[in-house]
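A.B. asks: Residue numbers (the numbering used here), protein chains in the order written: chain A, 1 to 375; chain B, 1 to 317; chain C, 1 to 382.
Keep in mind that the hints were calculated from the coordinates and are not lab data.
Take the hints with a grain of salt, since some may be wrong.
Stated by the list, open to error - Derived pair list, reagent style PhoX-like, types lysine-lysine, alpha-carbon separation capped at 20 Å:
no.	chain 1	residue 1	chain 2	residue 2
1	B	144	B	118
2	C	295	C	284
3	A	2	A	93
4	B	241	B	264
5	C	94	A	144
6	B	103	B	126
7	A	102	A	2
8	B	126	B	105
9	C	249	A	102
10	B	75	B	105
11	B	86	B	105
12	C	272	A	102
13	B	295	C	357
14	B	264	B	126
15	C	295	C	265
16	C	295	A	93
17	A	93	C	272
18	A	144	A	196
Just so it is clear, the structure is predicted and the values come from calculations on it, not from any experiment.
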Amino acid sequence: MKFRIDRDALADAVAWTARTLPVRPPVPVLAGMHIEASDRLKLSAFDYEVSAQVSTDIDVEEPGTALVSGRLLAEISRSLPPHPVEVTTDGAKVMLRCGSAKFTLLTMPVEDYPTLPEMPPAAGAVGSDEFAAAVAQVAIAAGKDDTIPMLTGVRVEIEGETVTLASTDRYRLAVRELHWKPERPDFSAVALVPAKTLADTAKSLTAGAEVSIALGGAGGTGEGMIGFEGGGRRTTSRLLDGDFVKYRSLLPSEYAGLAEIQTAPFIEAVKRVSLVAERNTPVRLSFSQGEVVLEAGTGDEAQAVEALEATLEGEDIDIAFNPAFLLDGLSAIGSDVARLSFTTATKPAVLTGKPPQDGENPHYRYLIMPVRLSG
Amino acid sequence: MSVEPIILVIGDEELLVERAIGDVVASVRAGDPETEVIDLAPGGLEPGRLAELTSPSLFGGSKVLVLRSAQDLGKDLTAQVLAYAKAPADDVVLVAVHHGGAKGKALVDGLVKLGGRKIACPKVTKAGERIDFVRAEIRRAGGKISADGARSLLEAVGNDLRELAAACSQLVSDTGGKVDDAAIARYYQGRAEVSGFTVADKAIEGRLAEALEQLRWALATGTPPVLIVSALAQGVRGLAKVGGAPRGARGASLAKELGMPPWKIERVQRQLRGWTGDGVARALTAVAEADAQVKGGAADPAYALEKAVSEIIAARR
Amino acid sequence: MSVWDDLVGQGPVVAQLSAAAQMSGAGGRPAHAWLFTGPPGAGRVTAARAFAAALQCLETPRGCGHCASCHQVLQGTHADVEVVRPQGLSYGVKEARGLVLRASSAPTGSRWHIVLFEEADRATEGAANALLKSIEEPPARTIWLLCTPSPEDLLVTIRSRCRPAMLQTPPADAIADMLVLREGVDPETAAVAARAAQGHIDRARRLATDPQVRRTRDEVMGLPRRLTGVSPAVMAAETLVKAAEAEQKARTSELDEAETSALRKALGESEKGRMPRGTAGALKELEERQKSRAKRIMRDSLDRTLLDLASYYRDVLALQLGAGGELVNVDLAPELRTAAGAGRPEETLRRLDAIMKCRERIAANVHPQLAFEELNLALRTG
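In isolation and in its complexed conformation, chain A is listed as follows (with noise of 0.2 Å):
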């Protein structure tokens, strides 16, 4: 294998990659990143759940594959001076040279690699960016138990021009619509994503300005996988098996009360209450028109009490909930008003932002159950 290649691309390509290598590889030889020289470059990295793959151009002399310690090539391509770089393979080793730098690596058997999982097909292409920060909005509320996986996912559903994104814990279930372009107009799919790996997947995808997502039917190639492509980077994961729960019946149609509170003061309310009081301990919100108390505690001694400014439409409530959720939610809105809707006290919340035009419906809902009152 011999091959030149400019020392940025290099090393943009091997930092990209090397996120994925796992830092406990369950084999020596996952730790390594593996190379295939063609008439482009190919550096893989894998650790049975999730692979990623960037390509890249080159002036190939001689074609050819090799493992490496990825840790090593990445360390490597870090401290190259800023001239091209040379790559060939000599016996057992791999030779990088860069001006008058010289490094030498070690080879793995390349045969032990295991197979990368196939792409399955394209389906359509989203933002960047929109696509990174909708993920992040709904991964939030997914479960970290691993005895029901299903709620560890989220779930992508794919009808036409629209993704909804949504997950849960039975606590709270965040749903997220966006609007993206299919290949097919017709495309309809439903998919279970491991939560960490789509949030970590979108965040590292925002080079290039559009994502692809590539997902495939029942059987076809790469079932069990979703794919996302980006700027000549791609990765695939595996779904999770199972059901997600009918979530739509969950949505409340209607309220019969709203409040709305300015985001950031309410945050820093939240967290200062319920700092004082036993970590756990639910914290419950009194709205009457104008203001909501916030108490620390359910029960007949609240150990932190303060008071912020709130519009409110309908009845007086009280309703409490476990502020780690309330926070999570209120973070997500990516709004300076938060919107907090209900029916009754025992009821779940909807807390959303308020949209920029009246009378449109909201991107995003993040929903809330609420924890019983004692006394």
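Starting from the known structure of chain A, arrange chains B and C on it as the hints suggest.
C.D. replies: Frame of chain A; chains B and C shown alone:
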């Protein structure tokens, strides 16, 4: 909801405890198939979380909250649990699992006083209790078994209640209800081409090499050691019974007296050649020793069996 | 060449597994859970791994052993074959839950998603219960392969859901043939090693190819002769234990070195032997695993010594009771005959008991030398 809101499962017989919890969950599920079960590991109840845990989730529906090792909750958590128990939520069943000792008595007393239902799961220790357990399990699965049959099954399976319960349910489903000795023997033969009975016959007939080889084969193909010991015991016992029968007794009346079919009696009579009373006694001792070792989890049950076979043959001389 | 090449004397099991591996889709599908049982050293894990390779094989008929997929499975790196190797003495419920979660995903490009659980008997009851649901109703393309010494070692509820693959004790001549063909050992050495190993393939291989292992065995088998007095008996205990330790050290360092070197290279060891930042954790983990394994190998080594010694006395007993059949230690036949004539079966039985007692002592963590001293004194008097 028809299930009591507060249930106390108290005792240290694991299988019965799991059963009790399972029964509660099943009753709640009968009323609401989407019931959420929160099974907290020992020490899993964090202070302040009880309100949240006993609140319904977004998916609504009933909840069963299981608090394991409730005897270890400590003063504060016990107070929180008792405070909850005074005014429990409608759709929540709280199951406190207590191992039955003196520790955490305040919780037990408090919950009982507040009307909690107590389910006792005391440890099963006596043989008689185990026989009752087996017979109840078979009945529960819809079948029938005699006390002797239960004893046979206990001999074959051992004392672990879980294993016994599983064996009982499988036996009933295999036989359609009537569980007799033949069914028990069949259940254990499975794919083993050589049963313990062949090993026993060869040993009693003094064929050491064949007996040892058949023993190795039986073990290598997965025949459980307990079954081989049981077969050896039955073989030697047969010698004693037939050898000690009154002279002149024969045919149907002898068969009836000994509880063995005539063809078997004739066979044992042939096998008796070469045996003395003393020899049989020594053989029985050897088998008893092997039985103790196999059931007592000896380091090498294969060796224990080889030794028994060798001693039976040595006793025959 | 085929994936089954590493199995010895398991004709029926290979036929059963190979047939099952050819099934998929229209013709029916293989059972979704299998239990591999059999005597120690017969090749349970080898059989399970070969089966996994055959199931995923890219060629027809399946099980070629040389396609990219077979290679990766046999090397243990295949993306859709997860190998579970319990680290400590037991495998707990938390790990089991993680495993169940992973087992619930579809394969990433192969036919099946396979989970190969070595030593499944190490799973605690809690872990077994966590696994039960997944083994009862796994997703459509997941296959579980469990390995335990015998069926009773698993919860009956799990056992009843698995198709059994029962390995048998490989006959000595099959092992001898393998040694001649694949290790290039001369037939006479192969025959002796195969018999002495009592069905344990790896043991036979080492006896036939490693002079140190043979020396240790000779040392052990020479013990009965050396028990001429109290003092020699006690000294012999020290020699025996040292020999077992030496064998264990050699074996462990061989394994450790290869593993450590591969991992260091993978994590980015420089030519001068320096390691990058942040790799200490992974190396420490490997070190811990190797320590546990070293302990297990040591216990196995002492146990092996005792089993070898027991085989001596079982041969003597067989001779004393006039049982025909072949001796395990054929190479010691004359000495065994002399010993058989010099004593009574009851004495031999007592000696065998003493050996079993020694095994128990060692399992209970009694200091090996002490346990062996007690043993040697008992062996001396009979």
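A.B. asks: Of all the hints given earlier, name the ones this structure violates by number, lowest first.
C.D. replies: 1, 6, 8, 9, 14, 15 and 16
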